[in-house]
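Taken in sequence, the protein lines are chains A and B.
Each residue of the first sequence is one higher than the one before, starting from 1 at the first, in this note's numbering.
Each residue of the second sequence is one higher than the one before, starting from 1001 at the first, in this note's numbering.
Heads up, some of the hints might be wrong.
[To be verified] No more than 25 Å apart at the CA atoms, straight line, and that leaves these computed lysine-lysine pairs for DSS-like: (1) 1067(B) to 1127(B); (2) 1156(B) to 1127(B); (3) 294(A) to 1086(B); (4) 1066(B) to 1156(B); (5) 294(A) to 1156(B); (6) 294(A) to 1085(B); (7) 1215(B) to 1156(B); (8) 1066(B) to 1127(B); (9) 1127(B) to 1064(B).
Hints were generated in silico from the structure; no laboratory data involved.
If you want the building blocks of each chain, they are given just below.
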Amino acid sequence: MSIYLPIAELPVNILLIFGLGIAVGFISGMFGVGGGFLMTPMLILVGIPPSVAVASVPSHMAASSLTGTISYWRKQLVDSGLGLVLLSGGLLGTAAGVWVFSLLRRAGQLDLIINLSYIVLLSVVGTLMITESIRALWRSIQGQQALLRRPGTHSWFHGLPLKFRFRQSRIYVSAIPVTAIGFGVGFLGALMGIGGGFLLIPALIYLMRVPTAVSVGTSLFLTLFTMLAATILHAVENRSVDIVLAFTLMIGGVIGAQSGARAGQAIRAEQLRFLLGLLVFAVAARVGLDLLTKPIELFSVISSEAAR
Amino acid sequence: MIFRKTAAVFAIALMLGSFIAPIAHAERLVTSLSTHRVLISSNFTGTSLVLFASIEDADTPRDKPKKYDIVITVRGPATTFVTRKKERILGLWVNYESRRYPDTPSYLAVLSNRPPAEFGPVELQAKYKLGLSFAALPPSILADEEFGNALLRVKKAEGLFYEETNAVTFLTPTLFRATVPIPGTAPTGPYEVDVHVFANGVLAAQQTTAIEVVKTGFEAFVAQSAREARLDYGLGVAFLAFVVGTLAGLVFRRN
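Excised from the complex, chain B in its bound form (with noise of 0.2 Å):
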């Protein structure tokens, strides 16, 4: 009677587990990526990270292999965005009306070798996060879309939105490269590369990586005065003015 009990609290307890544990994919992904780590120095106009991938398949024969869809979405640090429309009042235009975006990242670039939408649902768009306006903001703040779309167009022209629906190369069936462009622009701070790999819509494999946004250097000296010696900074650069203007004065006499 005990050791049935136990059998069958052994039984539910593996099937849970098989439940929990993450779905086995066929597929291993292995990622390298250019660099890690972009250093800002005082020459940094922007730069741009190499993304090698190659897909590991065990199942599927070599000579017969599957067709892959890659997209990859890199994020910045989250913000808090502020839309603001401007408005017609007594003959001036205005800041009138304005939305909120909390939680939306600072710098966003989703690549792929296709639109998402022509190997999946917007079902399969929405759950994986693909595609700019998926990835950018919540589904329930998207409803409002003029003020959506008004976020993702003036980020896109300034560079800080990316999105490229043909920028992942394949260069033999399972092994892929993306080029990924930092603007100068960039916020500093923790970035994320998450790769995702699809055949036949459904998802095969999937891996996130982390880089980083430093300044260095002179760069890093000045903002970390800035942040923490705000009365020191405050008074060098009044200094500084100090100085300029008198050396100025001073050489400006001889003439």
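Extracted from the complex, chain A is given alone in its bound form (with noise of 0.2 Å):
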């Protein structure tokens, strides 16, 4: 069954379409990230140009993320005032990631620092998770606590001023690590053309002492917003969202997303994180993978109109 995609200018399978959208979707809820960094390539490897993929996936994310959202605030597992402030640096960041984003495709070499990004940041934080969340299981099967939230223990950052208590995150913590950690995944996610969920989580949880239910719920909060401005910049910047395509993805997303998290609710938290590890290490992998053997066709062809 195919339909005519206006803005991408060819017919696509819709049911393909659909079913990546379930898929995704069921992951976003699962694990509480955009999915981007699954969605963009899947669809650019369906045939959509990179500009439009890139353009109409953030509508999506922001669809089921919204779902997600709805599903862990009634849990009582979104902190809404930690969301805003990782917010502000957020949009700081995106715009600062947009702007090296057009520095670097000028010097030619966008394509190279990205998939060199993606390497390095998704098998660090892949690795990093799954180093973690194994030792955390090995302690639960010996029976002890596990100790990721250590009572008393305060890093350096607690000392800055600005202190804020986060109620759902039983966090009490100064504003300006949170919106530097904002900052980050903002200016990383535009950059790399992602909405950062993967690189948020890590961080609540690891450097925030942010419980793994809320950072997930908080993580959806803050992608639903991210993304709806994302979509607004994209039409008007790049006038590359194609609402067909859009529509048709996040149909299958909010479907997906609903079944993926409960999924994630169900299953244990180090668990979840040992998933999510193995998931963003494997994306690492297959990019690698990608860069490092011979393809079977050298060239590439692009029309420029596409490419500005």
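Assembly of the complex is requested from the two constituent chains, each provided in isolation within its own frame, with the hints serving as guidance.
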């Protein structure tokens, strides 16, 4: 069953796109990540022009993270205060990321930088999450208490001013490191064309000591707002948001996100972190393999309008 | 004296005139296309264009018709292509060298009754841009074969460049038909259909027709909104995401 995409200017199999939406939505709801780091490469693989894929995926992430946010909100697993402080840094970081993005594009090495940062970031984050969660799982097998939240231990940033109490997260920290994390996630997200949930969740868990479930809920909340902003920015700047593609992905996404959120809440936090670590690492390995093996076709052709 | 001068000027003007005027062919070409507007709606997956043409020739006797060769070239709107080559640097396969190809057709189909090389020398092919490589790229760029050939190869694989050397069918010695495939990925805009008729390796008749590939209905509305009402369009998509997300949250709550 084919349908013509008015902005991408090509016909696609609508069921395939719908299925992609469900699959990525499931992962998105389960781990609280936007899923952009999976969806964008898959759409490009299906034949959607990269500019259209990058611009249309954010609206899908907005819809499925809104469904996820509602689901976590009912269980009081969203820290809106923490989310808003993160958002203030995130929006600044996004603007900075877009600026560096255009600088690198002019230098002509954007693809390489994006691929390399994918590999470095994803494999580091993936490895950290896998080893940490295995350690946590090992401790729980031996019957010990998980040591993620050590009461009384303080990092250097606990001494910073502007302290806030974030109730749902059960933390009392300065707004400065929280804004900095938001900035970093927004910056890398805009640079790499991803939502940044897979960076934010580990940062909240390991740096801020926020409980895993609240990290996921708050990440979904943040993703909702950054992705709505990204959709509008892309429509105004690049004119490459395809509403038919976006709508199809959204419908699949919210259905997948709903069952994903349930699956995520049903399994234990350490297992969830282990699985997310594995997924992140697998994507890094895939990108790395692409760079290391000789491609069948050495040449690629793009229309320079599309490259703009 | 004055009379002679005027006569001389008149004679020169007459001679010049006969040079400037187009070469009068004995043949006349009458073509008919199945459509001049390819309309793209939501169920568009590509279509084909049927061309009928008749060669009218008053001079050649009916019982001994000439043998004609036909080349039909269809060009989509011009674009600039960038061909990039991957090289292995520090163990990684990355884009390295690139070439720009300005003013290249975004869609190109060349159909003929037999390979142009069989009825004319390279000079003839170059002059009338017969065949995929002559029609796609200026000869100066063709010199760099590696990148130029890669462009043709990749575009052929995408179905946007098409070459068939037995796609023109003669129904009678002077009436022929050809079918031009327009893929679903065909770019929108004005297209040019160029028909060349050769007899014994010499151009006998030529005609150019224009067609248009346009979006219609909902597709045209969406494309126009995205282009002209950017902010409203962006807000619209964001609102849609909001509605879909909220509705899904409400629907699944009941379950």
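Each hint tested on the structure:
Taking the CA atoms of residue 1067(B) and residue 1127(B), the gap is near 21 Å; set against the 25 Å cutoff, the hint holds. Of the supplied pair hints, the one linking residue 1156(B) and residue 1127(B) holds, its CA atoms being roughly 23 Å apart against a limit of 25 Å. Proposed proximity of residue 294(A) and residue 1086(B) is supported: the alpha carbons are some 9 Å apart, at most 25 Å. Annotation: proposed proximity of residue 1066(B) to residue 1156(B) is violated, straight-line Cα distance about 34 Å (limit 25 Å).
Restraint check: the Cα-Cα separation between residue 294(A) and residue 1156(B) comes to about 22 Å, which is no more than 25 Å; the hinted pair holds. Between residue 294(A) and residue 1085(B), the direct Cα distance comes to roughly 12 Å. Compliance with the 25 Å bound is thereby established for this hinted pair. A C-alpha spacing of about 24 Å is found between residue 1215(B) and residue 1156(B), which places the hinted pair at or below 25 Å, so the restraint holds. At most 25 Å may separate the alpha-carbon atoms for a hinted pair to count; residue 1066(B) and residue 1127(B) meet this at roughly 23 Å.
Restraint check for residue 1127(B) and residue 1064(B): not satisfied, since their Cα atoms lie roughly 29 Å apart, outside the 25 Å limit.
The structure fails to meet hints 4 and 9 from the earlier list, while all remaining hints are met.
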